[in-house]
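As given, the protein sequences belong to chains A and B, one line each in that order.
Here UniProt numbering is used: the first residue of the first sequence is 1, the next is one more, and so on.
Here UniProt numbering is used: the first residue of the second sequence is 1, the next is one more, and so on.
Each hint can be trusted.
Which chain A residues stay away from chain B? Per the calculated CB distances, all over 12 Å, these:
1) P12
2) C34
3) G87
4) L149
Distance condition first, Cα-Cα at most 16 Å in a straight line; then the derived EDC-like pairs of lysine to aspartate or glutamate:
5) K246(A) / E54(B)
6) K246(A) / E47(B)
7) K167(B) / E630(B)
Sample of chain B residues at the chain A side, in silico, Cβ under 7 Å:
8) G19
9) G23
10) F29
11) L33
12) Q41
13) V42
14) Q44
15) F48
16) R49
17) A52
18) N55
19) N227
Rather than coming from a laboratory, the hints here were simulated on the basis of the structure.
Every residue gets a Cβ at the ideal spot worked out from N, C-alpha and C, and that includes glycine.
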Amino acid sequence: MSYLEYTVKSVPSGWRKVLYLNWPLVLLLSAVACVGFLMLYSVAGGTFQPWAEPQMRRYVLGLAAMFMVAMVPIWFWRNMALLAYLGTFALLIFVEFFGSVGMGAQRWIDLGFIRLQPSELMKIAMIMLLAAYYDWLPLRKTSHPFWVLVPVLIILAPTAFVLIQPDLGTALLLVMAGGLLMFVAGVHWAYFATVIAAGVGGIYTVFLSRGTEWQLLKDYQFRRIDTFLDPSSDPLGAGYHITQAKIAMGSGGWTGKGFMQGTQSRLNFLPEKHTDFIFNTLAEEFGFIGGVSLLILYVLVLLFCIFSALQNRDRFSSLLTLGIGLTFFLFFAVNMSMVMGLAPVVGVPLPLVSYGGSAMLVLMVAFGLVQSAHIHRPR
Amino acid sequence: MRRIPRETAESSRRITRRGLILGGAQLGFAGALALRMRQLQVDQADEFRLLAEENRINIRLIPPARGRIFDREGRVIAENAPAYRITMVREDADNVEEVIARLSQLIELDEGELNRALAEMDRSPPFLPITIADRVSWEAVSRVAVNAPALPGVSPEVGLSRIYPSKELFAHVAGYVGPVSDRDLAAYEDPPPLLRIPRFQIGKVGIEAKYEQQLRGEAGAKRVEVNAVGRVMREIDRREGEAGNDLQLTIDASLQEYVQARLGEESASVVVMDLEKGDLLAVASAPSYDPNKFVRGISVADYGELRDNNHRPLASKTVQDAYPPGSTFKVVTALAALEAGVVGPEETVWCPGYLKVGTRQFRCWKRGGHGHLNMEGSLRESCDVYYYDLALKVGIDKIADMARRLGLGTAYDIGMSAVTRGLVPDKDWKRSERGEEWRIGDTVNASIGQGYVLTSPLQLAVMTARVATGRSISPRLVKSLNGVETPSQGGEDLGIKPEHLRQIWKGMYAVSNDRRGTGYGSRVIGDDMRIAGKSGTAQVLNRVVRNEDVDWEERDHALFITFAPADNPSIAVSVVVEHGGGGSSVAGPIARDVALQALYGGAPPVEVYPTKDRDRISAQQERLERERLEREAAQRTRA
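Take these sequences, add in the hints, and give me the full structure.
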């Protein structure tokens, strides 16, 4: 089908759009969220307070937001991309000076019903702008150095602000999501090879900087890396978290200890059990089967995004859907790696399951964009 | 505005290809995550399950109740009493200072203890109960309980603590318990976990220490589930411990009480032994101390007072101190000579008041001499020269041999602490220990229990018992353990000719009943309960002085041994009064009073005392009875 056939007629309009929503995706997301409610109920010791109930309310709010975003034609969102990026960037700068700092490091603006973290919002805004950028850019210029520099700046500018918050997890996510999107958009292999080589060199330099005056990472960040590389080196200090997290997972076995029977989480051996380490509670109480089930749900969401993107012949929609799928993937992949001792603990939540308002709302809005792209795809 | 898609086949293909590569990589990574999950949850599950259990389950020991100690009649010597303490949980008391201020108006709080408790509270997790007042009275506990609403986080707790209701009476015999010290732990290669229980008490001295294993019992255990900060969430199961074994001593508490009271402030010791099985009816060392103070943790001032007292209350003189036996040893020398056949009972020796051996002159205690004396006379009047002469005939080795047969030179493992062997010297001993040859003068000195000879009051009692029966009676202090009677040791015939023993008995009878006897002053009137004895005066200074003329520390030790009734003996008594002066005048009356008390099972009728002593004796009996009643009353009010 040629793009010329993509006409107003073939795009559903008005309330008929609701029928064209991808309902299986809505069900999948709800299933994931329900796993989250269940686990939050469990780690609270069998009550809806303080976590499960607010999380449910936020999920309903998120669903509403998703529907609203989905109803708006995708080309509107494309035109809003630059504005969204700049607005979020302004917020990022704003919180740097006026925001509140909480546990860990993320800065937020208290909107009353929610604590908005601009760094979360930036994950989506950046994807939107990059997708719009490559939609706009003539294909032959994709690998031109100048036109490669522009998206690099789009990625690195907010990353720098996130880093000084300091929120290493989000910064890494931004860089990885942006970089991979550039790869999908068709930037030449050579750039990536160079960056990877430089990255390895950079990491080497970072380690070299340790203990010197120009140390590039904070001490606690170095310690996290140490602990990651050898958790037993400090079993009661920094390594305690990861050791206990692995014990929680491993002791779950095949089928787990049963709902609300996880001793590691119930007795507080598991740190941050309602946020970053909630997956360990799941794995402890429902075992390997429970853990893999959630992983399968995640993979299904991801597959949906990939298939939707590959079917979509609109370049912006395609890139946006892939980018959001990628962000979603990075969330759960980094979180799971980290709680299973495969990556340093950098503070990335498990998407739609970990307790937290900003991340959930932002993700639901992102899936609203995916739905919008799906509904308004050229037919 | 409608948007016109600018799609080209080229771009579509590129997104498809790179999208597929990326999608594939993502799926691959998800697969890797699943593999890691499998590795942790399936392959290493057992290992992690164990670690999780180790995390959550804590084993807490339940201290067993310590076995009690009774006297031969079943009267309590040591038992366990509830000990109350006041604890506080920081997180439950909103304002610690305010609550403590309120508490201090109700009960007395020790400043030092309180500061220590507050410091400990700051260090510990907020949910841990910290003791802020230990060993408080029941009254204080009830006051705290009544005011509980105003004292959040404060609660009285109860544990078991050792108590010795008779205080000083059995301090040296039963000993005492105390909290486990680092030294106690160091004694074990692998200390039993029980010892690590806070406030756990173990035996430190005496029977409590010697029978620690039997008294201690088996710890119970409970398994509790704890959370990450160590707070106990619930009890999973518990296995009660086993209380320690009760222990019964051969001591007769009322006799022991009498003896202790009779000794009063003297620095003295008395051993009373039953001749049937060697049961020790009384083992008293005076002055004594209150073992309860050690259980609580004795104050530096109190300890200093006990340590610096020149009457040495802490010493268990009956078994750990060895004194020269003085003339009581003449019994040994006499028996050795009789058995060796070097002297006949009626053979006499001329005592001019001294004996020349080589160039040295050995004096008799009686300057003017005793004149002609046979064996009975020599015992009766305790003539030294007679025994010098005997010793030269029989030789030290035979004397030492007889001393050992009669039970000297042996450490009796009766369960008390620091039991001494005493010393029975002979030629070999002097050669190996002193590196010198035995001299004839040493034999002369030993024959009257001076020189190197050393005996403990317990050994003297054993010796008396063996002389009185001719059997190898050994002392027994623990009558039964957990209801099972401990076998008595020895008791077989010593192989001493009965007529020889009878000669000794005759002499000892004369000591206490013949007008010329050294113990005549402490005789018994009437035929039923006559006693037979031997006095002894052990020189502390090696020169002839009058005791009244020198300091207390330099006066002679007074000794007396006796068995009674003389014609059919059932008990043996030994008395040592440190720096008491003459054995017959100081130790004799004590030995007689104690023997009579034991034989009558209470205060004897005053008629058994010589007429002139009766007023004094009844006054003494009244005084002791009054003191006993006072002690009893004090004990009742405390209970």
